[in-house]
Every structure is written in C-alpha cells, then in structure tokens.
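Q: Chains as they are written, first to last, in our numbering: chain A, -7 to 34; chain B, 36 to 402.
Think of the hints as simulated: they come from the structure by calculation, not from any bench.
Any given hint could turn out to be false.
Here are the simulated distance ranges between beta carbons [stated by the list, open to error]: (1) I(-3)/A <-> I66/B: 16 to 24 Å; (2) S26/A <-> K271/B: 33 to 41 Å; (3) A(-5)/A <-> T90/B: 38 to 46 Å; (4) E34/A <-> P205/B: 35 to 43 Å; (5) Q(-6)/A <-> T67/B: 47 to 55 Å; (6) Q(-6)/A <-> L73/B: 53 to 61 Å.
Far from chain A, by Cβ distances over 10 Å, these chain B residues were calculated [as the list claims (entries may be wrong)]: (7) E97; (8) V145; (9) E218.
Below, in silico cross-link-like pairs of lysine-lysine (DSBU-like), each with a Cα-Cα straight-line distance of 30 Å or less [stated by the list, open to error]: (10) K308/B <-> K222/B; (11) K271/B <-> K32/A; (12) K32/A <-> K213/B; (13) K271/B <-> K371/B; (14) K19/A <-> K308/B; (15) K31/A <-> K371/B; (16) K222/B <-> K31/A; (17) K364/B <-> K222/B.
For each residue, glycine too, the CB sits at the ideal point set by N, CA and C.
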Amino acid sequence: MQAAIEIFINGIFGVFMGLTALYAAIKANTLLASRETEKKEE
Amino acid sequence: MAVFENMGLLALTPGMVFMWAIGLILIYLAITRQYEPLLLLPIGFGIMLANLPLTYLMEPGEGLIWRFYHYGIEWEVIPPLIFLGLGALTDFSAVLSQPRLIFLGAAAQVGVYVTFFAAYAMGFTLQEAATIGIIGGADGPTTIYLSAKLAPHLLGASAVAAYSYMAMVPLILPPIMKLLTTEAERKIRMKKGRKVTTREKQVFPLLAAMVIILLVPASAPLIAMFMLGNLFRESKVVERLNEAAQNALMNIVTIFLGISIGASMNAENFLRKEVIFIFFLGLFAFSVSAASGILLAKFMNLFTSNKINPLVGAAGVSAVPMAARVVQKVGANADKQNYLLMFAMGPNIAGVIGTVIAAGIFISILQ
Chain A
-7 MQAAIEIFIN GIFGVFMGLT ALYAAIKANT LLASRETEKK EE
Chain B
36 MAVFENMGLL ALTPGMVFMW AIGLILIYLA ITRQYEPLLL LPIGFGIMLA NLPLTYLMEP
96 GEGLIWRFYH YGIEWEVIPP LIFLGLGALT DFSAVLSQPR LIFLGAAAQV GVYVTFFAAY
156 AMGFTLQEAA TIGIIGGADG PTTIYLSAKL APHLLGASAV AAYSYMAMVP LILPPIMKLL
216 TTEAERKIRM KKGRKVTTRE KQVFPLLAAM VIILLVPASA PLIAMFMLGN LFRESKVVER
276 LNEAAQNALM NIVTIFLGIS IGASMNAENF LRKEVIFIFF LGLFAFSVSA ASGILLAKFM
336 NLFTSNKINP LVGAAGVSAV PMAARVVQKV GANADKQNYL LMFAMGPNIA GVIGTVIAAG
396 IFISILQ
C-alpha cells in the first residue's frame, strides 16, 4: 500500500509539474514572439 | 483419419464461441453505429481469428499476427507511429492562445491515479493497476503502450475498454457535466484567445519535446514522435512527410494495431472475472477524469475575472476531438450562441500530453 500511495502522490505531482513547465515554456515562447512582432513593426 | 484430427472444428471450445460473439458485437458497433470503426472493426475481426482453433496465427515465433503483435506492439513501434500521425493532425493554436487551459488537461489525470489506487486496493498488482488507471486518460495508443510494457496480459481488455469508452463519450460525459455545473455556469461565454503566430507554432513542438522529455524521460518515445509530427505540420516545408504521417502511415499502422490487439484476446486470456473489473474501473476512471477537469475549472474561476466555462474542463479526458464536440453540444444546449469548441480543444490536447506524462511516470517507477 505504501508503494501505491507513493506512486499516487508522485504521479499527480509529476503531471502537474510537467504541464506547469509546459505552461511556462508557452508563456516564454509567446513573449519572444510578441517582441519579434514589435521589432518588425518598428 | 488425419484430416479429422487436424480439423479446427473438433478443437472448438464454448469460450471461443463466446469470444466470436464479442468480436461480432464490436464489428456490428463499428459498421452500424460507427463507434470508432477504424479500430473496433479490425479488433473485432482479430478477436474472431484468435479464437479459431489450430490456426497458430498467434503462435510465438511462427504466427502471422504474432509477428505484427511482436514487432509492432511488443517492440513499441506502432503506438509511437500513431503519435507521429496524431502530431501531424494536431493544431496547438487552442493551447497556445489560452495556455491556462492546460491545467484542465492535468486535472483530468487525477482520474488515472484515483483509479490506479482503487484497482490496487481491489487486489490488482501495481503494474496491472497502472494499466487500468491509464484507461481514464482516454488515449488509446498510450493505453496500449503502457499495457504492453507493464501488463501485456491485460492489453486486449484495456485497449478495448479504452476505445469503447472513447466511442461512448457522448453518452458518458453529459450526465457528469450537468451534475457538476449549474445552468448559469454552462452559459458562461469565454473571451476569445489571441491570434497565434506561425513562428510560435513552429517553436512549440521543439520546446514541448525538450521540456517534457527533460522532466519525464520515460515519456520520450510518445512525446518525441507526437512533436515531430507536429513539426512536420507547422514547418510547412515537408508537406509530403506531413501528408504521409497523417494519412498513409497512420492508416497502415492502424490496421496492424487493430488486428494485433484483437488477436491478443483469446478466450483463455479474456474470459476472466478481472476483465469485468477492468471495464468497470475504466468507466470509473473516465468519469473521475471528466469530473476533476470540471471541478478544477470551477476552482480556477474563484481567482479570475476572465471566467472559464467549467464544461470545458470535461474535455481534459483526451478522446480528441469527440470530448470537445460533446462540450460544444452541452454548452449549446444551455446557450445556442455559445461556441465552446475551440476552447475545449485546449484541455483536450493538453489531456493527451498529460496522459503521456502520467504513463511515463508509471513506467519510470514501475518498470
């Protein structure tokens, strides 16, 4: 049971960690893209 | 006489005949109801073949279908190739324009882990419980991939459960959605996301592959192929590869996948009481996943003025694009002018990524 609880906690934490990192990467990508657009407009 | 001794008819068992009935039901559902026909049709036929005695089609080292199964599934070739095609078919605009919706795809994975825990408590091994839990992710290739790695004896049952429930998304999701939301919540109109540039779409597959594989290396085979397929699509310079990944390759591997899964379901493997539990737990996983997405959307609404329609959370169970279409339909029942499809595609696609991460975590811990 101990192992199952550990996998349960690790799993939920891992999924949220993975998708939070992806969220941060998308935000960074968006920021870079908007700067590039601004430069082009200038 | 030798001709009688080698006759399959004499080796027939009642279990085999029962499995024919299951195969025929799947073929019937595929043809007349069009429930996931691309998979249920070859699976149904594969079941019938696997339960014809003395054919040795699944005989290790000899049988024709065993070769498809061994080199396609056991060698982990087919699920990643399907992901290549899925990547080529996926437009990430919905995720990129509203990245906060990613978390709804993550919440849907709660169902995977709750079911994993429930299955383990019911007496399944950790590996079997993981295979049953992942059905809640509603992602066929990931279910097959994980099952082949952790519990190959459950492959047929878990794959059929996953594809059956994916086909039944229009029946399973609406009651859960209505139960967990109020009429006013279902009428929430979401603000349109910004326009996504081509460059962003081109950078995303590279970025996503790097980030996810660095964090969960065991997810690499599926995520790498998913993002490669998407890079084919978004680069706009390899249209032939993009077209091949979306159509020809996808169709070819689907044939081998379907028939191999079906043929893994012989009476001896399938007619056990555990299989009934797998179907029951798979449905439970699906329901908890949808409910978790809805509840997280409601929770996020407590902290933002830019409200999310909680129905969108139910699309976190992958089942692309069926779950998103169901969200659109239920939303339109409350408000005909409310177009939720594009918003629902965000968690829907994030759900696919989330399920792959969940599978990667299971593999890294249990294998």
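Q: Of all the hints given earlier, name the ones this structure violates by number, lowest first.
A: 1, 2, 4, 6, 8, 10, 12, 13, 14, 15 and 16
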